[in-house]
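Chemist: If you want the building blocks of each chain, they are given just below.
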Amino acid sequence: MSYLTIKDLTVRLKNGVPLLRKVSLEVKSGEVRALVGESGAGKSMIGKAVLGILPRAAKLTGGEILLDGEDLLTLPPKARRAKIGAKVALIPQDPLTALNPSRRVGPQITDRLVDILGWKRKQAEDRAAELLDEVHIQSPERVMRSYPHELSGGMRQRILIASAFAAEPKLIIADEPTTALDVTVQKQILKLIREMQERHDTALLFVTHDLGVVSKISQSLTVLYAGMVIEETDVRTFFAEPGHAYSRALLAATPKYTDPDGSLMPVPDSIISQVEQQVAAFDAQLKR
Amino acid sequence: MQIVRTLLTRLATTIITLLGAAIIVFVVIRVVPGNPIAMMLPPGATEADIARLEALYGLDKSIFEQFLIWIGNVLQGDFGTSITTRQPVFDLVIGRLPATLELSVMALLIAIVVGGSAALTATLYRGTKVEGGIDVAGGVALSLPDFLWGLALILVLGVLWPLFHISGRVSPSLGFEFNTDFYLIEALVRFRFDVVLDLLGHMFLPALALAIPLAAIILQLLKQSLKECMHDDYITLARTKGYSETSIIARDALPNAILPTLTLVGVQFTFLIGGTVIIERLFSYEGLGNMAIDAVINRDLPLIQGIVLVFALLFTLVNLLVDMTYAALNPRLRHA
Ligand SMILES: Nc1ncnc2c1ncn2[C@@H]1O[C@H](COP(=O)(O)OP(=O)(O)OP(=O)(O)O)[C@@H](O)[C@H]1O
Ligand SMILES: [Mg+2]
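Taken in sequence, the protein lines are chains A and B.
Residue numbering for the first sequence follows my numbering, starting at 1 and increasing by one per position.
Residue numbering for the second sequence follows my numbering, starting at 1 and increasing by one per position.
If we strip away everything but chain A, and leave its shape as in the complex, we get (with noise of 0.2 Å):
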């Protein structure tokens, strides 16, 4: 069953310019679906526009995001923001700006809880000293009364991790988790995302240009190339026989595990300009 499904999803700048061009993409219960793209293909504005926080200069233009079916641009704004803070939570990019600095970190993993779902203080104490101690953490009760500078990177995102697990959301959405981080640390995170993803059964659509992540953390993959759709398949296809000459050309460009150091060939202009001309043939029609 599809948890999260995008169907055309446009959203322009305000002057009219498209970021995403009729995205649709689907994340099943319990599914890993990474997202990969180059920098700026959109991959962030999709998960922003799922979570209700696409940035004041984008617009939602058309489409439908259905949560459970529910189509959530139909709800009202009150109602839309209460469904997805009790069923979706955001792992994001950066841990060193994602906690508020002037709050301790036991109230921002419990407020979802105690505000948004009702749940008692206690109640919601205890549970994230429990998910704390899921995100390997020791002495969770003197964690959670530091501040977050008091903390280390690696730290944070547990924290970050704990957070967006305490209400068990049915889809989570991380957003390049472990790019900010140390590489030593981001193998951690990252074992810790799949970890416990498969433990409390969530979908997850997992942001990432890493294409070397993909095969270890997720099922299927969408890819993206400004903000169009090129390639939607699982993981397995996608490395035997990408089906789109940019995904052998993205592949191509990424390090091999077998061969970390092996040379690398960046996508070559003639595959760019393939896409380009894909995204402006779609443009034209859409204007039709």
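These aren't lab readings, by the way, just hints derived from the structure by calculation.
Among the hints, erroneous ones may be present.
[As the list claims (entries may be wrong)] List of simulated lysine-lysine pairs, BS3-like, C-alpha gap at most 25 Å:
(1) A:K14 with B:K61
(2) A:K83 with A:K120
(3) A:K14 with B:K129
(4) A:K170 with A:K87
(5) B:K61 with A:K78
(6) A:K28 with A:K83
(7) A:K87 with A:K28
(8) B:K61 with A:K59
(9) A:K59 with B:K227
(10) A:K59 with A:K122
(11) A:K78 with A:K170
(12) B:K227 with A:K78
(13) A:K28 with A:K216
[What the hints assert, rightly or not] Quick look at which bits of chain B chain A covers, simulated, 3 or more residues with Cβ under 8 Å:
(14) 224-237
(15) 252-261
[Unchecked claim] Only some residues are given here: those of chain A computed to face chain B with a beta carbon under 7 Å:
(16) K87
(17) P92
(18) T97
(19) S102
(20) G106
Bear in mind the structure is a predicted one, so any value in this text is a computation, not a measurement.
Using N, Cα and C, we set each Cβ at its ideal position, and we do this for glycine too.
Following the hints, position chain B with the ligands against chain A.
Modeler: For chain B with the ligands alone, coordinates are given in the frame of chain A:
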């Protein structure tokens, strides 16, 4: 350890500030022409009369000697005797200080409430006509200094629509006997709300005049910091949790945005206290500032010195208070 060192440095700078202020005033009021003794005596007084009185007040000695004597006395708690009223300067100043404190704190509260809520509202409605309107109001508020606002308020809310008192601190017709000089606090504590109302009616316009420019400054700075905070990642994360814009601004943005404003309010509050001198005169409000003007007009040297010392002490206390609040509000400083 850190705290002890900070406090010691603080104490040292406070003493240097006070000493500096004392020296400057001491010298200036003696260099400026105008003889206090001549002003006290009837027109027919002889040179000998003047000399006798000058000797009595120690004014025949050199400025340096006078200063040493004065400082020596101050250190023993003797601030001298007012030349015009012949009362101890200490009693006069302590008697008037509460009136000025009540007025300035009231003005500060008005400025914080008005400026703060305007900044929060403008942030909530950023990019709309509401924000534009608030910006315009802030600009207008800053276009006049406090005493001109005082005049404008007297004309509009005192004369045209006489809604508030424009003179004095309390209506004598109330016949209320105060036991302290903190009238407002005393009336509140004694549950005499008729007196409270009367006091507020007197205090409102001068306090508002002092508050208007400060409110605009708070508005501008706080709004700017709030708007910057609204782009931060933890704000976005709070949005995804289901919080409304209002609670995000109040709970997540405000505590992070408030520190720069707090520092500025501290500095501006000392300016505001300085502003009470003219505002109290304008509203015939019996505070320290009003007394200071009389003291200057009469060349009442001991009284001027006493008042200046108290103002200087107030300023340093305000700065100390701001620093302490800053440290208390900023967890990064607290644990540093
Ligand atoms: N606040 C904004 N105002 C205007 N344009 C924006 C804004 N945020 C993003 N964009 C544009 O939207 C497009 C998609 O941005 P998005 O952040 O989704 O890219 P991305 O695929 O996540 O890239 P990255 O890997 O760098 O994070 C980009 O062209 C970007 O310039
Ligand atoms: Mg991104």
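Chemist: Now tell me, hint by hint, if it's right for this structure.
Modeler: Verification of the supplied hints:
no. : hint              : verdict
1   : A:K14 with B:K61  : violated, 79 Å
2   : A:K83 with A:K120 : holds, 20 Å
3   : A:K14 with B:K129 : holds, 19 Å
4   : A:K170 with A:K87 : holds, 5 Å
5   : B:K61 with A:K78  : violated, 79 Å
6   : A:K28 with A:K83  : holds, 18 Å
7   : A:K87 with A:K28  : holds, 14 Å
8   : B:K61 with A:K59  : violated, 81 Å
9   : A:K59 with B:K227 : holds, 20 Å
10  : A:K59 with A:K122 : violated, 40 Å
11  : A:K78 with A:K170 : holds, 20 Å
12  : B:K227 with A:K78 : holds, 23 Å
13  : A:K28 with A:K216 : holds, 18 Å
14  : 224-237           : holds (count 5)
15  : 252-261           : holds (count 3)
16  : K87               : violated, 10 Å
17  : P92               : holds, 6 Å
18  : T97               : holds, 4 Å
19  : S102              : holds, 4 Å
20  : G106              : violated, 13 Å
Taken one by one, the earlier hints fail for this structure at numbers 1, 5, 8, 10, 16 and 20, listed in ascending order.
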